[in-house]
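Construct the entire structure; sequences and hints are all you get.
Those sequence lines, one after another, are chains A and B. Its first residue numbered 1, the first sequence is counted upward by one per residue in this note's numbering. Its first residue numbered 1, the second sequence is counted upward by one per residue in this note's numbering.
For the record, the hints were derived by calculation from the structure and aren't laboratory data. A couple of the hints might just be wrong.
What the hints assert, rightly or not - Simulated pairs of lysine-lysine, DSSO-like, Cα-Cα distance not exceeding 27 Å: (1) A/169 to B/66; (2) A/99 to A/169; (3) B/70 to A/169; (4) A/99 to B/66; (5) A/174 to A/23; (6) A/174 to B/70; (7) A/99 to A/174; (8) B/66 to A/174.
All figures in this text were calculated on a predicted structure; none of them were measured in a lab.
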Amino acid sequence: MSATPASATAIPGMESGHYRSTKLPDIKLLMWVFLASDVMFFGTLIGTYLVYRGRSLVGPFPENVLDIPLTTVSTFVLLMSSFLMVLALHALRGDDIPKFRLWTFGVAFFGAIFLGFQIYEFAHFVDLGLTLQGNLFGTTFYVLTGTHGVHVTIGVIWLLSILVHSYVKPWSSKDEAYLEVAGLYWHFVDIVWIVIFTVVYLVEFV
Amino acid sequence: MAHGKGTHGVGQYVVVALILAAITYVEYYIVEFPPAFMSSGWILFWLIALSIVKFWMVIWFFMHLKDDDKLYTGFFSSGIVIGMGTFVVLVFLFLLPRAVAPVVGDPAPGDGPAAAHGALPDAVVANIETDGGSRPLAQQAGNVRPADRTLLLTPPAAPTDGFSVRLDDLAPASEPTTAEAPVAMAPEPAPVIATEAEPATPVAADAEPAPAAEPDAAPEVAAAPTADPTYDRALGSQVYVANCAACHQVTGAGLPGVFPPLAGHAADLYRAEGGRAYLIDVMLYGLQGAIRVNGTNYNGLMPAWAHLGDEQVAAAINHSVAGFDGVAAPSGFDAIRPDEVAARRGRGLTGAQVLELRGALGLD
Chain A
1 MSATPASATA IPGMESGHYR STKLPDIKLL MWVFLASDVM FFGTLIGTYL
51 VYRGRSLVGP FPENVLDIPL TTVSTFVLLM SSFLMVLALH ALRGDDIPKF
101 RLWTFGVAFF GAIFLGFQIY EFAHFVDLGL TLQGNLFGTT FYVLTGTHGV
151 HVTIGVIWLL SILVHSYVKP WSSKDEAYLE VAGLYWHFVD IVWIVIFTVV
201 YLVEFV
Chain B
1 MAHGKGTHGV GQYVVVALIL AAITYVEYYI VEFPPAFMSS GWILFWLIAL
51 SIVKFWMVIW FFMHLKDDDK LYTGFFSSGI VIGMGTFVVL VFLFLLPRAV
101 APVVGDPAPG DGPAAAHGAL PDAVVANIET DGGSRPLAQQ AGNVRPADRT
151 LLLTPPAAPT DGFSVRLDDL APASEPTTAE APVAMAPEPA PVIATEAEPA
201 TPVAADAEPA PAAEPDAAPE VAAAPTADPT YDRALGSQVY VANCAACHQV
251 TGAGLPGVFP PLAGHAADLY RAEGGRAYLI DVMLYGLQGA IRVNGTNYNG
301 LMPAWAHLGD EQVAAAINHS VAGFDGVAAP SGFDAIRPDE VAARRGRGLT
351 GAQVLELRGA LGLD
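What follows is the structure in structure tokens.
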């Protein structure tokens with residue numbers, strides 16, 4: 001297939017030549033495939049949580065430790081970080097570099113706030129006697145939310161790296177595919193939390 | 001700010017973000033302040049529906065699947081389909097067997113949430129009491145734990161030990177009852193236990209699937225005054241395999257350094273002065289802390305089993321003392337009776353207090 005200049009400029013990320021017959025940027029396709037596999041990964045963790053739900057023999061039980069208002073706030077923070085993420089991508093596409101940097105920092109900052117909530121929550125739960133080994137709720141809860149927390153941590157590091165890199169080698173709208181991929185990852189972490197917030201937290205108090 | 005894909009405008013992002021925030025608030029509100037007109041089933045329905053809407057809005061607008069190449073949607077959707085399939089299979093694998101043969105160990109009277117909390121160290125309970133969280137403690141106490149739905153496995157029945165044979169022998173009148181009980185996987189232990197006392201009554205009076213699990217039935221059995229060296233071996237094995245074997249192993253060998261052995265050791269405890277009562281206490285209140293068994297140190301937590309019926313607790317202890325292959329029962333073994341278990345209930349011991357009782361046995 002002969003790549004004409006016209007088609008080459010039409011596809012983002014194509015400048016570097018990393019594309020196939022799909023005419024789609026490799027990294028973006030790769031990210032979507034990874035996210036599909038990550039869905040299965042979290043699917044098994046959530047399934048495991050539900051299978052063992054209500055089967056702990058000793059406390060603390062979910063209703064003893066979970067705090068809905070607190071988690072609602074951290075959920076809101078994570079949702080808003082997703083909002084800032086699309087703003088950052090929008091700014092980069094418009095070559096508005098200062099705003100791109102501001103919003104990218106905002107995403108990482110909100111992600112860090114979310115992590116702060118989670119660290120506080122874990123420490124508080126351990127104080128209440130909920131440990132990884134204490135009962136089934138502790139095991140499944142910490143593994144599920146901890147895995148999600150690791151995802152958030154990776155996302156924060158990734159976004160901060162982009163921010164630093166944008167000072168080392170100035171970014172422009174040509175680089176949007178790289179930010180978009182980070183954004184896809186970040187939004188995915190957000191939707192996983194949407195599910196966890198409902199399945200683990202809210203349902204417990206219905 | 002002009003961009004080719006006009007629908008990606010900031011305005012649209014703002015609207016989506018506002019809707020997402022509003023949905024999150026609505027979810028919080030209907031959980032914390034359930035509207036009177038909504039049953040819990042409907043609240044659950046709306047929570048799931050709203051989550052799906054949020055999920056969809058993020059992937060559709062924020063992740064741009066709305067306008068992007070459909071190949072991405074295809075990859076992601078197949079991931080969701082496989083993930084959901086795995087999830088459904090997992091849930092069915094684990095929950096279906098329980099749904100087919102649920103044998104419920106009734107919680108003993110007084111074993112409410114308070115007793116469940118009694119299993120916690122005092123410091124933990126105190127912490128919960130002073131928790132500044134959203135839910136007052138009184139409200140927490142109202143949350144009744146889901147009933148234990150332990151799956152009692154079909155015992156590896158010895159040829160001469162079949163339930164149906166005994167049922168027929170003891171109470172011919174109960175034939176219709178046995179025929180009616182369709183859940184053959186969960187044999188009815190009642191008639192066997194009641195042999196000495198009143199053979200026919202529990203069977204004939206009750207066509208319930210599991211009357212034996214009722215603690216109330218225990219006093220009747222207690223009427224048998226004689227020391228009985230025998231016990232229902234099938235029930236003992238059944239309860240043990242279903243509840244104890246996961247840690248202490250089917251053979252009773254335990255896992256060195258992690259879960260203490262019972263084969264032989266339970267018999268040692270039985271022989272010790274006060275060991276009979278201690279064995280019941282361990283079952284009812286659990287055990288927490290450092291112990292030493294046959295020269296190996298253990299420092300773990302055994303949960304309380306008070307939610308099992310008196311007969312089941314007694315049967316598990318008897319199995320541990322005298323039921324393992326290759327371990328001789330203590331000479332003059334007098335099987336633990338359900339009424340002894342019933343008599344030791346309701347004392348609210350902690351695992352640490354049971355550890356002190358263990359120390360008083362003067363073993364190690």
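Of all the hints numbered above, which does this structure not satisfy? Sort the numbers upward. Violated: hints 1 and 3.
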